[in-house]
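Colleague: Working from the sequences, and respecting the hints, build out all of it.
Protein chains: 2
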Amino acid sequence: MNAQLKGLYVITDQELYPGRSHIDIAAAAIAGGCRIIQLRDKKASDRQFYFTACELRDMTRRVGALFLVNDRVDVAAVVGADGVNIGQTDLPVDAVRKLLGDDAIIGVSADCLEQALEAQKAGADYVGFGPVFPTTTKLDAGEVTGLDELALVCQAVDIPVVAIGGISIENIALVAAAGATCAAVVSAVVCAEDMVRATEELQRKFDEGAIGTIAKGR
Amino acid sequence: MNAQLKGLYVITDQELYPGRSHIDIAAAAIAGGCRIIQLRDKKASDRQFYFTACELRDMTRRVGALFLVNDRVDVAAVVGADGVNIGQTDLPVDAVRKLLGDDAIIGVSADCLEQALEAQKAGADYVGFGPVFPTTTKLDAGEVTGLDELALVCQAVDIPVVAIGGISIENIALVAAAGATCAAVVSAVVCAEDMVRATEELQRKFDEGAIGTIAKGR
Numbered sequence: 001m002n003a004q005l006k007g008l009y010v011i012t013d014q015e016l017y018p019g020r021s022h023i024d025i026a027a028a029a030i031a032g033g034c035r036i037i038q039l040r041d042k043k044a045s046d047r048q049f050y051f052t053a054c055e056l057r058d059m060t061r062r063v064g065a066l067f068l069v070n071d072r073v074d075v076a077a078v079v080g081a082d083g084v085n086i087g088q089t090d091l092p093v094d095a096v097r098k099l100l101g102d103d104a105i106i107g108v109s110a111d112c113l114e115q116a117l118e119a120q121k122a123g124a125d126y127v128g129f130g131p132v133f134p135t136t137t138k139l140d141a142g143e144v145t146g147l148d149e150l151a152l153v154c155q156a157v158d159i160p161v162v163a164i165g166g167i168s169i170e171n172i173a174l175v176a177a178a179g180a181t182c183a184a185v186v187s188a189v190v191c192a193e194d195m196v197r198a199t200e201e202l203q204r205k206f207d208e209g210a211i212g213t214i215a216k217g218r
Numbered sequence: 001m002n003a004q005l006k007g008l009y010v011i012t013d014q015e016l017y018p019g020r021s022h023i024d025i026a027a028a029a030i031a032g033g034c035r036i037i038q039l040r041d042k043k044a045s046d047r048q049f050y051f052t053a054c055e056l057r058d059m060t061r062r063v064g065a066l067f068l069v070n071d072r073v074d075v076a077a078v079v080g081a082d083g084v085n086i087g088q089t090d091l092p093v094d095a096v097r098k099l100l101g102d103d104a105i106i107g108v109s110a111d112c113l114e115q116a117l118e119a120q121k122a123g124a125d126y127v128g129f130g131p132v133f134p135t136t137t138k139l140d141a142g143e144v145t146g147l148d149e150l151a152l153v154c155q156a157v158d159i160p161v162v163a164i165g166g167i168s169i170e171n172i173a174l175v176a177a178a179g180a181t182c183a184a185v186v187s188a189v190v191c192a193e194d195m196v197r198a199t200e201e202l203q204r205k206f207d208e209g210a211i212g213t214i215a216k217g218r
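So the sequence lines, in the order shown, correspond to chains A and B. By my numbering, the letter at position 204 of the first sequence is numbered 204, and the numbering carries on one by one without gaps. By my numbering, the letter at position 123 of the second sequence is numbered 123, and the numbering carries on one by one without gaps.
Since the hints were derived computationally from the structure, they do not count as laboratory data. Keep in mind that the hints are not guaranteed to be accurate.
[Stated by the list, open to error] Computed spacing ranges between beta-carbons, pair by pair:
#1 B:Glu-193 / A:Asp-24: 40 to 46 Å
#2 A:Asp-103 / B:Ser-21: 20 to 26 Å
#3 A:Leu-117 / B:Gln-88: 38 to 44 Å
#4 B:Pro-134 / A:Asp-24: 25 to 31 Å
#5 B:Cys-112 / A:Val-63: 40 to 46 Å
#6 B:Asp-207 / A:Arg-62: 52 to 58 Å
#7 A:Asp-94 / B:Gln-88: 30 to 36 Å
#8 A:Gln-48 / B:Gln-48: 23 to 29 Å
#9 B:Asp-24 / A:Tyr-17: 43 to 49 Å
#10 B:Arg-197 / A:Met-1: 27 to 33 Å
#11 A:Gln-155 / B:Cys-112: 58 to 64 Å
#12 B:Pro-134 / A:Tyr-17: 39 to 45 Å
[What the hints assert, rightly or not] Below, a list of computed lysine-lysine pairs in the DSSO-like style, where the Cα atoms sit at most 30 Å apart:
#13 A:Lys-98 / B:Lys-42
#14 B:Lys-43 / A:Lys-121
#15 A:Lys-6 / A:Lys-42
#16 A:Lys-43 / B:Lys-6
#17 B:Lys-42 / A:Lys-42
#18 A:Lys-98 / A:Lys-121
#19 A:Lys-6 / A:Lys-98
#20 B:Lys-98 / A:Lys-42
#21 A:Lys-6 / A:Lys-43
#22 A:Lys-43 / A:Lys-98
#23 B:Lys-121 / A:Lys-43
#24 B:Lys-98 / A:Lys-43
#25 B:Lys-43 / A:Lys-42
#26 B:Lys-42 / A:Lys-43
#27 A:Lys-6 / B:Lys-43
#28 B:Lys-43 / B:Lys-98
#29 B:Lys-43 / A:Lys-98
#30 B:Lys-42 / B:Lys-121
#31 A:Lys-121 / A:Lys-42
#32 B:Lys-6 / B:Lys-42
#33 B:Lys-43 / B:Lys-6
#34 B:Lys-98 / B:Lys-121
[Unchecked claim] What the simulated footprint calls covered on chain A by chain B, stretch by stretch (three residues with Cβ under 8 Å from a Cβ of chain B suffice, anywhere in the stretch; the number is not a length):
#35 42-50
#36 61-75
Glycine included, each C-beta is placed from N, C-alpha and C at the ideal position.
Modeller: Take a look at the structure:
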């Protein structure tokens, strides 16, 4: 398990807020203390995506932040990303591992306990689980899982769980308290008036929730 | 230059003829003597595409045929394809080279002389040039280039030129005579009544056209 994979996890999405680019979002998240950045862009051409990934790789390396790439394993390999997040219809984990190597962080998205267990069995380094709460960011997201199922998954798997979907300043502590290793946010940062401040607050609330979990002996 | 990159080049496209899969098409093309197979599928998920690529890699390796992958560089890398064909908005050639290594065949699609020269300068191993003739196979194909511009490009670049777009049994000899190293076909094989026979005939006609070219001292 990568010791750095803990806490707030910011996914850049430049379509949510016109005028804010992947670079702007990542820069603000890093400035606000986030150390896990994922580049996600379903629409960009491979070439555009690659150039953005090059910039984000430099930016994250400078501060020692993890840099993960959504879906595009070739781009992750070429830019030397720390890992990827893949879905259920993307390349199988063993194929991705072959390309990225043993040290790469391979996260697999899951929306139910069965998929989470399968991802672990397939060799994933973390499970991205959700949507925990209702979200409008990802149109193809499935049914909301809720906190109870998140807690169940966190109990059931041995690899870190990255909770995702509708996570905001109001509920991020609950996500940490449910046992999630990370909380992935998109609009809570991207659409915030002050992205740096929002990042700081999300991280602080997550830590508060996680302390509660530790106090309960988990 | 890869000495095998010469002659008929069959691109599998399983949407053109319901019931004929990538595997069926490649098997027939190989049985008909084609030794350059490209897997192209713009719609398949990465996972589906990957499993098909694994099968085609085995099949082509068994007969010593070149196996090229359209667009998906990660899949090409994982399955050990001989190369890829990329477009103008895909990863830059140097990034693909980094991932696939010096021996990989990297083809770049171009639709004008300027793009062809750029591809050569960028380090491409071949230029995919066209559409030489009208085509309905690729909906986003640009304006028809015609044989004269193909001949011009073949003269202007030092790397092999793979002609593409509307190539059929009627015009493939002309393409070879214009100086193209390869002729890439899709529907001329995929939609043929007898795919094996069509492949044989296309290859024969190409060779006849190429002999004409050699006789002219090119």
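Colleague: For the hint 25 to 31 Å, verify it against the beta carbon of Pro-134 of chain B and that of Asp-24 of chain A.
Modeller: Violated, since Pro-134 of chain B and Asp-24 of chain A (Cβ atoms, about 45 Å apart) do not stay within the stated range.
Colleague: Verify the CB-CB distance for Gln-48 of chain A and Gln-48 of chain B against the hinted window 23 to 29 Å.
Modeller: holds, 25 Å
Colleague: Cβ-Cβ distance between Arg-197 of chain B and Met-1 of chain A: within 27 to 33 Å?
Modeller: violated, 58 Å
Colleague: Taking the beta carbons of Pro-134 of chain B and Tyr-17 of chain A, is their distance inside 39 to 45 Å?
Modeller: holds, 43 Å
Colleague: For the pair we were handed, Lys-43 of chain A and Lys-98 of chain A, check the Cα-Cα distance against 30 Å.
Modeller: holds, 26 Å
Colleague: Quick one, are Lys-43 of chain B and Lys-6 of chain B close enough, alpha carbons at most 30 Å?
Modeller: Answer holds: Lys-43 of chain B to Lys-6 of chain B is near 28 Å, not above 30 Å.
Colleague: Confirm or reject the claim that Asp-94 of chain A and Gln-88 of chain B have a C-beta distance inside 30 to 36 Å.
Modeller: About 32 Å separates the Cβ atoms of Asp-94 of chain A and Gln-88 of chain B, which means 30 to 36 Å holds.
Colleague: May I ask you to test the hint 20 to 26 Å on the CB atoms belonging to Asp-103 of chain A and Ser-21 of chain B?
Modeller: Given range 20 to 26 Å: violated, Cβ gap about 37 Å.
Colleague: Starting from Lys-43 of chain B, check that the Cα of Lys-98 of chain B is at most 30 Å away, please.
Modeller: Since the Cα atoms of Lys-43 of chain B and Lys-98 of chain B sit roughly 26 Å apart, the hinted pair holds (cutoff 30 Å).
Colleague: For the pair we were handed, Lys-98 of chain B and Lys-42 of chain A, check the Cα-Cα distance against 30 Å.
Modeller: holds, 24 Å
Colleague: At least three residues with a C-beta closer than 8 Å to a C-beta of chain B: is that true for the stretch 61-75 of chain A?
Modeller: holds (count 5)
Colleague: Given a hint of 52 to 58 Å, does the C-beta separation of Asp-207 of chain B and Arg-62 of chain A actually sit inside it?
Modeller: holds, 57 Å
When each numbered hint is compared with the structure, violations occur for hints 1, 2, 4, 10, 16 and 27.
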